[in-house]
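*Asks:* The residues making up each chain are set out below.
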Amino acid sequence: MTRISGKYLAKRIVVSYLTLLVIMSLLFVLLRSMPGSFITSMISSGMTNEQIQQIRETWGLNEPLWRQYIDFMINYQTGNFGRSPTYNAPVADLMIRRMPRTLVLFGATFLIGFIIGPLVGMYLGWWRGSKKDKSIFSTSLLLYSMPSFWISWLFIWVFNYELGWLPSAYMFTQFPEFQWTAFTVMRDVLYHIALPIMSLTFIGWVGSMLIMRPTMNQVTDEGYVFLAHAKGLSERTVMIKHAARNALIPVATGAVVGLAFLIDGSIIIENVFNWPGMGQIIVTSVLNRDFPVAQATFFLLAVLVVIMRLVTDVVYTYLDPRIKFGEGE
Amino acid sequence: MATGQGDTESDGESYTRRWEPRLERLKRGWSRYSEHNIGILGLVILGIFSLWAVVPGVFAPHSTDWVAYLGEPPIESRLTAEQVRSLPHPPAFGDPFFAPLGTNANGNGILSLVIYSASNAMYIGLAAGLLSSLVGVPLGLISGFYGDTWIDEAIQRFVDIMYGLPFLPFLIVLVAIRGITTTNIIIGIAVTSWLNNCITIRGETLSLKERSYVESAKVAGASDTRIIFRHIMPNVLPISFVFLAQDAAGAVITQASLAYLGLADFTANSWGIMLENIKSQGYIFDAWWWLLPPGIALMLMAASFYFIGFSMEDVTNPQR
Amino acid sequence: MDRPDDREPLVEIEGLRKLFDQSQGIVDTVLGREPQPVRAVDGVSLDIYPGDTVGIAGESGCGKTTLGKLLVKLYEPTEGTIRFDGDDVTDMTREDERQFRKRVQMIFQDPFESLNPRMTVYDTVSEPLKINEMVDGYDERRSRVKQVLEDVGLGPAEVYLDAFPDELSGGERQRVAIARALVVDPDFVVCDEPVSMLDVSIRAGVLNLMQDLQDEYDLTYLFISHDLSLIRYMCDRAGIMYLGNMVEQGPTDDVIDDPKHPYTEALFDAVPDVELGDDRRRANATGEVPSPRNPPSGCRYHPRCAHIIPPEDWGGSQAAFRRAFQFKLKVQRGELDAEAASDDGDPVESLVEQGLTLDVPEEYRSEREIETGGHRTDAASLDLPSDARTALDEAAEALLDGDQDAAVAALDEVVTTPCASRKPRPLPSGTREVACHRYEDGDANTGAIGGSNGGLNAAPAED
Amino acid sequence: MTLLEVNDLSIRYAVDDGSAVHASDDVNFSVEPGETYGLVGESGCGKTTLAKSLVHLLDDNGYIEDGEVWFETTLPQWADENGDPKQSVIDDPDKPVRADGKTDLAQLNSKQIRDIRWRDIAIIPQSAMNALNPVYKVGDQIVEAILRHEPETTAEEAHERARDLLERVGIEPDRADDYAHQFSGGMKQRAVIAMAMACGPDLLIADEPTTALDVIIQDRILEELEALQEEFGVSILVISHDISVMAEICDRMAVMYGGKVMESGRTEEIFDATANPYTLGLKNSFPTITSKDQDLVSIPGTPPTLRDPDEGCRFRERCPFAVEECHAAHPPMYDVATADAEGRAVESTDRRAHTTACYRIDELEQIRTDAINESTWTDQTIESR
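Chains as they are written, first to last, in our numbering: chain V, 1 to 329; chain C, 1 to 320; chain P, 1 to 463; chain U, 1 to 385.
If you are wondering where the hints come from, they were derived from the structure by calculation, not from laboratory data. Even for Gly, the Cβ is constructed at its ideal location relative to N, Cα and C. Mixed in with the good hints there might be a few duds.
Claimed, not checked - Calculated pairs, DSSO-like style, for lysine-lysine (alpha carbon to alpha carbon, straight line, at most 30 Å):
hint	chain 1	residue 1	chain 2	residue 2
1	U	111	V	131
2	U	111	V	241
3	U	111	V	134
4	P	102	C	209
5	V	131	C	209
6	C	27	V	132
7	C	209	P	423
8	V	241	U	137
9	V	132	U	111
10	U	111	V	11
11	V	7	U	137
12	V	134	C	209
13	C	27	C	279
As the list claims (entries may be wrong) - Over the 10 Å line for every Cβ pair with chain V, so calculated as not near, a few chain U residues:
hint	residue
14	18
15	62
16	107
17	115
18	133
19	144
20	149
21	251
22	324
23	328
24	342
25	362
26	365
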């Protein structure tokens, strides 16, 4: 099943890397074009002259603009994200702690969303036009229209405030009464992550459903689906093995859009649930004008998107044997 | 187009004759659209919101400056401590005041606020949707029509890079930098939402320009502009309306999310700000009459756009 | 069918070539990927005389549609010239092109795709008039459109003028498409499969209409079709295309009744016919059309050809050579390898027997082939020269060792054909032109052709 | 003994506005074992619908209104050890099984018919080019059919059989591990044919088996079908608009128009002793490659839409021979031999005989003579829209 030539993969990686370079340049331009001086936003009143000088030094603000740009690009590629004035710590350290937390939340919702969405899309597309399709489809559009923070509040209200089943904030129990073992920590994290994941997937699955439903419906008209029926296969087999398997192919491409949606969603959700990840920090840092942090978070989220696109591309080639990248046809 | 002026010489009668078949088609399109209950529902909801947006005074029980117990401005007295403690006040129907959806912590009527905020959401939705169509459709048309040339390649590379940007973070940074105004929010939303528009229109254009009616127009000597405007655009416009509706829905939700994060123009009335207020003032679990209406209004507004969009998609789908 | 020599051709095509590049992204270019163009039309020459209907026939992918689109300037040729009424079409001023557009039109295959679904019949038919500013004013234009619609049998025109395509039947749509082509009163119309999407009972009406209009409007047609019976019905002259080459052209009746090129022969044999019944021969051709991206060398048809020419020193029969050549092709394509050798008996013999089989209809097969379902043939009964037989055995042994290159090398000495080494030139032969090595030298190999002008073949057409 | 017996089969498509499209109306025909039977007609005449309805493969809005489809088979759970239906099943009035062992396929439910499909009746669909699933290996798709109907087969046996089947239709057995996109058009068609033979069906429905193919490949596929029939004794029901193809491969055929059978009989009878105005018109309208200087004549007008059609003859609006009688009711099938011999119109009950649906069968000679005349078809005022 190895259909991807090393050459093609290399090409995709080069393109992804170039994309990131352009995004970084964009970032540089954006931050330098802020109203007011770049430095004023980073100086708090309590800073000593020395500290200010240090900031100027780290950011190379004494250098000409092109020099700053080159330094910025090099620093970023070597993982030197600078120091955060608000946290008073290297940004890289901050990121290393926060990134996994976001990835856990994001990964879980991504997986669940991309299982539920295509499944529902499969059924709706197969039975398109039926009463069930109409009612489920319009309901899911209603879900899709809900602001994610609002639906989170409703969940917290029901499951935390009224029923008291699940915690509504943070990643761990704040003052634990249990022994810290790998198992209890895992359980505690799961306990805390339950509501955020529920809130996010409650809306998040709709995106992939919206792609799956029409493609599934198109696929039902294909000759091979007709032939599968004619072979006497059961309806279930035809639907899953022949129709849905093919309808999944465009969903893989569409995953890119769903991905962006989920990243946006997880930023909001992290803020609602005080989940100490990158989504939370990007908002606070922007509001607190902690630009080194904002910049690095933005950059790493972009890296995440670019990597995920690379992955979907690879998945795509596995889903569709007709595509054999990197060779003549 | 230099070729189109001949039509002006025709008399009125031939114009009616020419428009008749088009009206007939519109009617048929409508009858297909109206097969979808959600399409009708979407139009009804949007219709109500439009009325709220245009003439909120007719529907709202009081103005946005109305304060519980005290009434409409000009307000001379102040609230007593006891009155302040009763805020946010649950729905009241005349005793001690009339506020069918209760009040917020400042004593403003929730129903009035919800109705007066409709115009803001409507404006953001339509403006962002329109703006992203105005960028995405022409770029998609050009990219598709000149497919496989450097023009296409350049546009597609640009789109590719834009897809690499995480949307909300980009928006947050953009708005934070450019200043938090409604216009900037609209621009920020449009900057990222035109991408899908462009990609789909490009794909559609690529397939349309291979149609033999486009080729026969070429054989007849039609210019590129004539082909784009007369033969391709009319056939992709319905799809772009679908995207307009979907982008509008997305914009409404995004704006609310930004407001939640504290990035909103707080001088305006909006559902997002109402929700931000309930959070910042700490009444999320104490004042359902304040929590639910703006959220439901947001949901219905976005949903009505989605309903219209997806019903229209079915009408424009040539397969059915 | 002889045409008077004093007539000037309306369209002269010379050495026309059109390659379609695979789209190359910037990154591909950076990584240095070789483009492999599709050779859609590859060296076609053809003259079309005024008033004629010239048919172009061939299987899908032979380049007939591309040729048609080149003639109406929908594509720019990669190489070669097209002269219309003496003027070079590829190099025109704006004004010349304007004139050209009025004189040349095209009718497309699919009437469901060739009309803009959002334009009324009037809009569609009047568009060429508007573009070329040919008739002033709405009313004149409208009456011109009406007149043409009635000419194509859509009368009363008032009923149709404001109709949209989806309200019309397939036959009516195609008539509208014809009206659009004729509204500018052209001289030359390219018809690309104009009736292939129409029902049988409707077809004849459209064909007859086209014939009537030819007289009325003084038209010259290029009629493209995969359906040879239609070509016979419609055309004075016919050209047969294969993989971008014109293999044979001449008066239709001559080409069909006495095909000279082996491909033409196969093509006509393959057409089922009500009247022939059981007497019909099947097409004696092997395999399928290869990819136009990577066509065979020399004569494009030689891998499938029944009359492939053996080398001069070939000691056996042509039939034996054809089988030996198929053996070589199978080795080259990797269709024959050690795995294919059966366990029972001599593996070398088994491979040779498999390799010598022909993928042809039953009537051309050997007895052994019929018995084994086409998977074995009897090598001994073939008139194979001994050196060829040795080469086959050597190749089979090399295959058993898993060495495909050595197998090909073993065959290269003996099993070679002039058909593969150079491209045949289209040469006059009787009333027509045929591009086949068998007709190049009067004295060579087959002698199938008498009194051919052998003086023309001095220089081999090599590209 | 017949293999398939279709009695008064009527099929409808429900349309949004509440009307119904009469895709096929009271159709009768039967197919003998080992025979090639053709359904010929233009697009929209109901031939494909008719064939698909035999194994309930209609689109969602299509349904069998009325009629019987007796087929020489029975469901696995109704069969005794010889494969014949058990006596208790035949006696059970709720089970659509006849004493002669035939089952009425029209009465089976959607689960039961799936046991009949492919095992007894296989289909080569209209677009065999995209009938192969692009994401599975071609061999696996054949194996899937075998394992569905013969669950006792092991996977290895099934694979071996798939390879044999491919080899049988002239494809290298190794290509079983290839995907459809690696096959050429002709090979795809052959692979579908191999797949159709996988479970040894008694009837093969070939829907326009060669339409999308180039003429040389078409020629080979037709030969392949004939060879398979000879080898396996399978009956073939061919559906095509291409009269030349039909003339070449069919033993018998039915000419359909507007959902009705207009003429049926042996192929030679239909071509040599044509007895229906529609068939005569059709013969006039298509060119042959062998004849020089032919004059084609088209049938005026367009085929009917079949939306709630009236009672009259379906062809009468385009028929130059239509008389008053034709408006009242669609004609029954008359025996052609009697008409030819005695000039009398006698309704035929023998569905194997050469029959035609035309009231004016008693003037057959005159009609045949007139039909050759171009003016017969052109000199009439028939509304064109």
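*Asks:* Does the no-contact call for residue 18(U) survive, Cβ to all of chain V over 10 Å?
*Replies:* Label holds. Min Cβ-Cβ 17 Å, cutoff 10 Å.
*Asks:* Check whether the Cα positions of residue 241(V) and residue 137(U) lie no farther apart than 30 Å.
*Replies:* Status holds; Cα separation ~13 Å.
*Asks:* Below or equal to 30 Å on CA atoms is what counts here, so check residue 131(V) against residue 209(C).
*Replies:* The hint is violated at about 38 Å.
*Asks:* CA of residue 132(V) to CA of residue 111(U), is that 30 Å or under?
*Replies:* The hint holds at about 22 Å.
*Asks:* Taking the minimum C-beta separation from residue 251(U) to chain V, is that value above 10 Å?
*Replies:* About 24 Å separates residue 251(U) from the closest Cβ of chain V, which puts it past 10 Å; holds.
*Asks:* Sort out whether residue 209(C) lies within 30 Å of residue 102(P), counting only the CA atoms.
*Replies:* Holds, at about 22 Å.
*Asks:* Could you check that no beta carbon of chain V comes within 10 Å of the beta carbon of residue 107(U)?
*Replies:* Non-interface label on residue 107(U) holds, nearest chain V Cβ at 18 Å vs cutoff 10 Å.
*Asks:* A cut-off of 10 Å on Cβ-Cβ distance, and residue 328(U) was said to be off the interface with chain V. Does that hold?
*Replies:* holds, 40 Å
*Asks:* Would the hint linking residue 27(C) and residue 279(C) be met if the CA-CA limit is 30 Å?
*Replies:* violated, 48 Å
*Asks:* Under the criterion that the straight-line Cα-Cα distance not exceed 30 Å, is the pair residue 111(U), residue 241(V) satisfied?
*Replies:* holds, 18 Å
*Asks:* For the pair supplied as a hint, residue 27(C) and residue 132(V), confirm whether the alpha-carbon distance does not exceed 30 Å.
*Replies:* holds, 28 Å
*Asks:* Any Cβ of chain V at or closer than 10 Å to residue 362(U), or is the non-interface label fine?
*Replies:* holds, 44 Å
Of the numbered hints given earlier, the model fails hints 5, 7, 10, 12, 13, 17, 18, 19 and 20; all others are met.
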